[in-house]
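Asks: Protein chains in written order, with the working numbering: chain A, -5 to 283; chain B, -5 to 283; chain C, -5 to 283; chain D, -5 to 283; chain E, -5 to 283; chain F, -5 to 283.
These are calculated hints, taken from the structure and not from any lab test.
Take these hints with a grain of salt, some might be off.
Pairs count within a copy or across copies, as identical chains cannot be separated in the list.
Think about it this way: if two alpha-carbon atoms lie no more than 30 angstroms apart in a straight line, the pair counts; the simulated DSS-like pairs of lysine-lysine are [stated by the list, open to error]:
#, residue 1, residue 2
1, K102, K122
2, K(-4), K122
3, K15, K110
4, K162, K266
5, K15, K122
6, K15, K102
7, K(-4), K15
8, K183, K122
9, K266, K110
10, K162, K(-4)
11, K122, K266
12, K102, K183
13, K183, K(-4)
14, K102, K266
15, K266, K183
16, K162, K183
17, K110, K162
18, K102, K162
The model shown is predicted, which means the values in this text are computed figures rather than measured ones.
This is what each chain is made of:
There are 6 protein chains.
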Amino acid sequence: MKLRLGLPKGSLQEATFQLFKQAGFELTVRSRSYFPSVNDPELEVVLMRAQEIPRYVHEGVLDAGLSGLDWILENEADVVEVADLVYAKSTPNPIRLVIAVANDSNIKSVSDLNGKRIATELVRVTQKFLRENGVNAYVEYSYGATEVKVPHLVDAIADITETGSSLKANNLRVIATILESTTKLHANKESWNDPWKREKLQNLAVLLQGALRARARVGLKMNVPGDRLDTILAILPAMKQPTISQLVNSDWVAVEVILEERQVRDLIPALKRAGAHDIIEYPLTKVIP
Amino acid sequence: MKLRLGLPKGSLQEATFQLFKQAGFELTVRSRSYFPSVNDPELEVVLMRAQEIPRYVHEGVLDAGLSGLDWILENEADVVEVADLVYAKSTPNPIRLVIAVANDSNIKSVSDLNGKRIATELVRVTQKFLRENGVNAYVEYSYGATEVKVPHLVDAIADITETGSSLKANNLRVIATILESTTKLHANKESWNDPWKREKLQNLAVLLQGALRARARVGLKMNVPGDRLDTILAILPAMKQPTISQLVNSDWVAVEVILEERQVRDLIPALKRAGAHDIIEYPLTKVIP
Amino acid sequence: MKLRLGLPKGSLQEATFQLFKQAGFELTVRSRSYFPSVNDPELEVVLMRAQEIPRYVHEGVLDAGLSGLDWILENEADVVEVADLVYAKSTPNPIRLVIAVANDSNIKSVSDLNGKRIATELVRVTQKFLRENGVNAYVEYSYGATEVKVPHLVDAIADITETGSSLKANNLRVIATILESTTKLHANKESWNDPWKREKLQNLAVLLQGALRARARVGLKMNVPGDRLDTILAILPAMKQPTISQLVNSDWVAVEVILEERQVRDLIPALKRAGAHDIIEYPLTKVIP
Amino acid sequence: MKLRLGLPKGSLQEATFQLFKQAGFELTVRSRSYFPSVNDPELEVVLMRAQEIPRYVHEGVLDAGLSGLDWILENEADVVEVADLVYAKSTPNPIRLVIAVANDSNIKSVSDLNGKRIATELVRVTQKFLRENGVNAYVEYSYGATEVKVPHLVDAIADITETGSSLKANNLRVIATILESTTKLHANKESWNDPWKREKLQNLAVLLQGALRARARVGLKMNVPGDRLDTILAILPAMKQPTISQLVNSDWVAVEVILEERQVRDLIPALKRAGAHDIIEYPLTKVIP
Amino acid sequence: MKLRLGLPKGSLQEATFQLFKQAGFELTVRSRSYFPSVNDPELEVVLMRAQEIPRYVHEGVLDAGLSGLDWILENEADVVEVADLVYAKSTPNPIRLVIAVANDSNIKSVSDLNGKRIATELVRVTQKFLRENGVNAYVEYSYGATEVKVPHLVDAIADITETGSSLKANNLRVIATILESTTKLHANKESWNDPWKREKLQNLAVLLQGALRARARVGLKMNVPGDRLDTILAILPAMKQPTISQLVNSDWVAVEVILEERQVRDLIPALKRAGAHDIIEYPLTKVIP
Amino acid sequence: MKLRLGLPKGSLQEATFQLFKQAGFELTVRSRSYFPSVNDPELEVVLMRAQEIPRYVHEGVLDAGLSGLDWILENEADVVEVADLVYAKSTPNPIRLVIAVANDSNIKSVSDLNGKRIATELVRVTQKFLRENGVNAYVEYSYGATEVKVPHLVDAIADITETGSSLKANNLRVIATILESTTKLHANKESWNDPWKREKLQNLAVLLQGALRARARVGLKMNVPGDRLDTILAILPAMKQPTISQLVNSDWVAVEVILEERQVRDLIPALKRAGAHDIIEYPLTKVIP
């Protein structure tokens, strides 16, 4: 039995392959092929444009796939969300689908869009949003380079943005956010009802999320004199249960803890001052709570 | 006054810029910009996806543009064809939009497509063709990589092909040709009725076509003894009027002629045998008949 | 005293340097040089074509080298195999030297090769194989691109293949396997009899194999309630002795185990279900059993 | 409050960013920008030519910066050295500023430079050195490619060298060493007197040095039968305090130690012979003693 | 006898080599060398930073060199200008050295610079300009990236600009132009007084300028019926003397003329309308009036 | 009927394709293919290692091919030389096969090679040369990087050199030249006896040599007052017959001549001084005398 999985071709492909490799699945593909081989005989992978994956998952051509919430909605795909996966982005901010106009446009809010022309790659999501806001506008499909179409070709655009820097570079001003989007491991409904496929998907989710969690975390080990242990433990984040083991023939203990990487820059100097010795930090591949 | 011209962004861009440079128009653009500068104050150029240019020409946002006949038809754009331009292709064959199925499919002809699913980037052109052939099929928009969708995702595709080699590499078989397509310089109807814009467009057509014609031609000069002139002229292609000038203080004449490059490989050995001396071939930038 | 070691120049070089770096030996070489510097004063490294290394090891110009079994045999080199090293390949399948013919050739088996012409980079190995099979054929040295020579230039080829995909792409059919080959750390016989050199080579083998073993393995740590320990241990592969340590002031134990990476995808979900907490996976650089 | 930090633009930039990432600070910068963003709201980073950083630190435009001792001296910058950082070099040798002449020059020692012309990027440091040696020579500023100016343009050069290979390739001979230089984290004097900034700088130094220390070290774990422990401990470097923990229900102990990577190649074979089992080596990200 | 010529290393090198190739001098250089070989035994070429060439020409180490007027002035080099060469620029505008401040600075004119700090690569030229304008400011040498130093590090900069786009991208405003600069072939005064060297330099100037002139010009040939000749000649630019030759046995004439390329786009359509046939345009390598 | 032609794959391929394009034959090949398509239905082209082409021409598998004289001799191929083609080299010197030893070797002449070991890619040619010189040495086949084998692996090498710079960089000294080699268009003897194939080959030779001749030549045109014509003609190289035509209604004549490019740098200044006006130089594609 095999699980048929659609993964995004193109700009996300390398990041996706790296995530799967870290999760334990090695994908290899020849340059122009769309059918990678994978070192798990229970998986069959197809590369596709992210835009199309939810449609084919919905229709059952694929058991499951990775794509953004934006494209799941645009395809009106009725699928099961198995896991939320945040990767391959340059900031921790979510990706947003926003409506933007020229800086000097007199369109100030969504209601000003009545009767205007809007270019977007996500026509249906945009139309639905406008309808819900009681706005009647002409929404046209944009094949790309959407952000340069204002103001010469259209009055406004609905476009994906992460940091807003491309919008700023094109002198655009955001007037509304249609939705926030992250990558979803999503499944076909029938496939989800198959027990073998559901367990396979749940295991996949555990491994992928374990890999992502490990990216923002590090392992920390240190040796602590017995009488400094309480001080040290007080410094460590409360919710983390450190692993403490007694050293042989000694009144020192070894303390080991998993931390978020961004805490380390404050903790290491503090631990050192509090009497910890031989602090080492080591990298992690997976973290499962 | 300015003529607003849409040129294709992407894979055709470099070839288009080279053609315009040869025609006398130097376009320069910074890497992420869509608004090249051009050394002709009467032109304003916008880079766009070729798919969208006919739509914006039709609507009058652009006065004119370069795009394929396929996309003019897909956009149902009612525009004026100013010139046919054949460039940036690896063979002299026209580009074709064909319907293809898996080699081992039992779909043999268009009529077998009834009730089938077809993926294509050119949905309307394909639907129109099927309708005209009395076929009722489901045509879905493909965001790319169309040729790998058969047979897993769809039964057939309608895709652009030049040499057929990508179809062959994907084990596909052509069952019908929907249309042949070349690049067209096409104009908005109102712009065409403006005398200044029409003359500007006609001049542009002369220069672009003069540049393309020069690519397949070379200049040939040779010195010929007076008594061999008739023999030499008999060898040269009949329709070409060579330029003959008498040399000073000599009974030799200089013969100069413009030829198609592919004739040269047979003519040069023949001319040499017939008594021509000092044959030189030189490159051309434009040829206007 | 120094050990003189030949390493393969060219396509294997980067992978070899990475393996040595992981094993603890940093090699640096300027772009056109063949004499890398190495951070071990007891080693002297020469880069060479893999084809030539066994010959120079055999002759004692080098104490030892890395090359494939195929080239050791082709050079008829009488050397000591110190270690088998599997690296720098895209699949876990061994590399094979096979005899292949055109798909539509009427050569079906080795005996059909009588009187035929065969191109190969490994002339002697091929001749020996044919002789042992009672076949009399003309074997010619091929400087490269061997797989395109059938059927225009020769009747069959003897060529190296890993996945068979290049053979398939050239419409070739395998009719026999001459040998399977892996990379060997091999030594000159006299050098091997020198105690200092032998120990240096054995240590090198331990480190290189420890590095390779680590590539397919990961470290796994988890915290386990005392009463779940037996369940957890039952899930872990039997032959692996996990390291179990008691946590201070707690009835939990820490379990640590080294596993093959390909087992992890099944074990992690199972361990979690069985009550393990805070499972972390971390990367390894060397594993010595 | 923010600490304003100058980092070197150019050839050192990537290595610097990698070091900071390992230390826990992620810097991202768009291709032509000089103001990277950093995931620490207490830091403000500016990219600059290494030559200029000490000047701006001295003047208080920056609180601190990274630059070589050579440029601190050339700028006559009166700054506080916070930490010595050795990174981004191909060898462990220090970088030296040397005076070099043509191989066949009759300049043999510093005193022979009297009345000669010397090209260098470090004019003041060179002038000071000559003055201290009682030599009167003409020192001119070199914009680059200093090593090819001898002998046609100048008599000698004062240039930075690491391995000496570029000097050798240009047929130059070193006659004196002006100074040895490493990268310094250095601070403005007033900033150093501010308690918040001083602590921030000290923490930064701990993390950067912890990252650098980790690059040359590895973690080693092994299981040891109780009766072999003393033998094993005798093999391990004396100054390192290994972490020893008793295994549950067993008379084995787990021994864990942090070692310099260059010791490993001798220790692993020795430990194995002495009875250690399941030796694993794992990578480290930070080591704080 | 040889002429020793300094050519700019770096960003201008490729353009300079192309210009010399077109002028008839083929320069070849191995990647890290500064001494190209040239196919003229009378030339000896040295590659150098453009900043240093005028200094070495002034001092007689070189007979002549190519560098900008800006660097000739900065070096206070007393040299002979042999030829003005405009090449390797993206626009026909001259390069300018300008003083720029932040857009929102309250420095509005040169006189506002009193007491301010200015960064520049051309310290002496800037100081001289300020002195002549009665301004007393602190001018500091900038090693690069000058345009990002305003406003954090300095109050103003003096920097080279061609299109002004880098200044605009850094939100800078030009308040004064110090000088306009083009590339000069300049000679040492003594070398210029040597008759052989002077003639060599004059010939070099003719060839380099002939090559540059040819870049903006094309050759045009056409056949014209005798009775249309006057009309055609009236269309052609007055100052150009066309070459007219009578065709054999015909009342047509061949007209040939050299034109500036930018005239061609208007002339070709006009000539065609006026009765010219077989118009061809061909490229030129040198044009000497 | 088709002529089957072998062209060199690899480093010479691009230069060969450019030469054929200039000669009028456009070759296109997909990245991994060995069978280019060509716009001449009478040609069938195969790409091969240059080393193997003469063997397959000799055996009649190919009608003709391009390869060096060195490989024709090494293959002991009995073929017809159709044309000598000098292209794709960085200098006008011929390529030479030389015997080289270490600079400090005491091998001074060929006779000192008795009993020595020599590595070379051209074993037979080298053996024949040694035999003819009465020397008995061991010649071994080198798979590449031959020049670094001296002195550690062999006593001498026989290697191809063009400028000698690689030999110099490896501290080698040339003691003998075995042969000089250029690229030959060579034909199978039977193919040459076929009249159609012989004419096709002769035409090909005319076009290829015409293209090569054009690379070193330019066209020069100028206008000359009638009374200066003799002076001008006296300056032009004697053997070249210039084309002189009388200008209409004028006492000026137009002079046109084909020159070697290396003459132009002296002639243009001289012609200008002698009264020529409007001198233009234009590029050539073919020159057939």
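Asks: For the identical chains here, do K162 and K(-4) meet the 30 angstroms Cα criterion within one copy, between copies, both, or neither?
Replies: between (46 angstroms within a copy, 26 angstroms between copies)
Asks: If the cut is 30 angstroms between Cα atoms, do K110 and K162 qualify within a copy, between copies, both or neither?
Replies: Classified as within; 22 angstroms inside a copy, 32 angstroms across copies.
Asks: If the cut is 30 angstroms between Cα atoms, do K183 and K122 qualify within a copy, between copies, both or neither?
Replies: Within one copy, since 24 angstroms is at most 30 angstroms while 35 angstroms is not.
Asks: One pair to classify: K102 and K266, alpha carbons no more than 30 angstroms apart. Within, between, both, or neither?
Replies: Neither: 54 angstroms inside a copy, 52 angstroms across copies.
Asks: Regarding K(-4) and K15, is the shortest C-alpha distance of 30 angstroms or less found within a copy, between copies, in both, or in neither?
Replies: For K(-4) and K15, only the intra-copy Cα distance (19 angstroms) is at most 30 angstroms; the inter-copy one is 39 angstroms.
Asks: Checking K15 and K122: alpha-carbon separation at most 30 angstroms within a copy, between copies, both or neither?
Replies: neither (38 angstroms within a copy, 43 angstroms between copies)
Asks: Given a CA cutoff of 30 angstroms, do K(-4) and K122 count as a within-copy pair, a between-copy pair, both, or neither?
Replies: Neither: 37 angstroms inside a chain and 39 angstroms across chains, both beyond 30 angstroms.
Asks: Under a CA distance limit of 30 angstroms, which applies to K102 and K122: within one copy, between copies, both, or neither?
Replies: Within one copy only: 20 angstroms inside, 41 angstroms across.
Asks: Within a copy, between copies, both or neither: where do K15 and K102 come within 30 angstroms Cα-Cα?
Replies: neither (46 angstroms within a copy, 41 angstroms between copies)
Asks: Given identical chains, is K183 near K(-4), meaning Cα to Cα at most 30 angstroms, within a copy, between copies, both, or neither?
Replies: Within one copy only: 16 angstroms inside, 52 angstroms across.
Asks: At most 30 angstroms between alpha carbons: which applies to K162 and K183, within, between, both or neither?
Replies: neither (41 angstroms within a copy, 36 angstroms between copies)
Asks: Give the relationship of K162 and K266 under a CA distance limit of 30 angstroms: within one copy only, between copies only, both, or neither.
Replies: Classified as neither: same-chain Cα gap 44 angstroms, cross-chain 46 angstroms, threshold 30 angstroms.
Violated hints, in rising order: 2, 3, 4, 5, 6, 9, 11, 12, 14, 16; the structure is consistent with all others.
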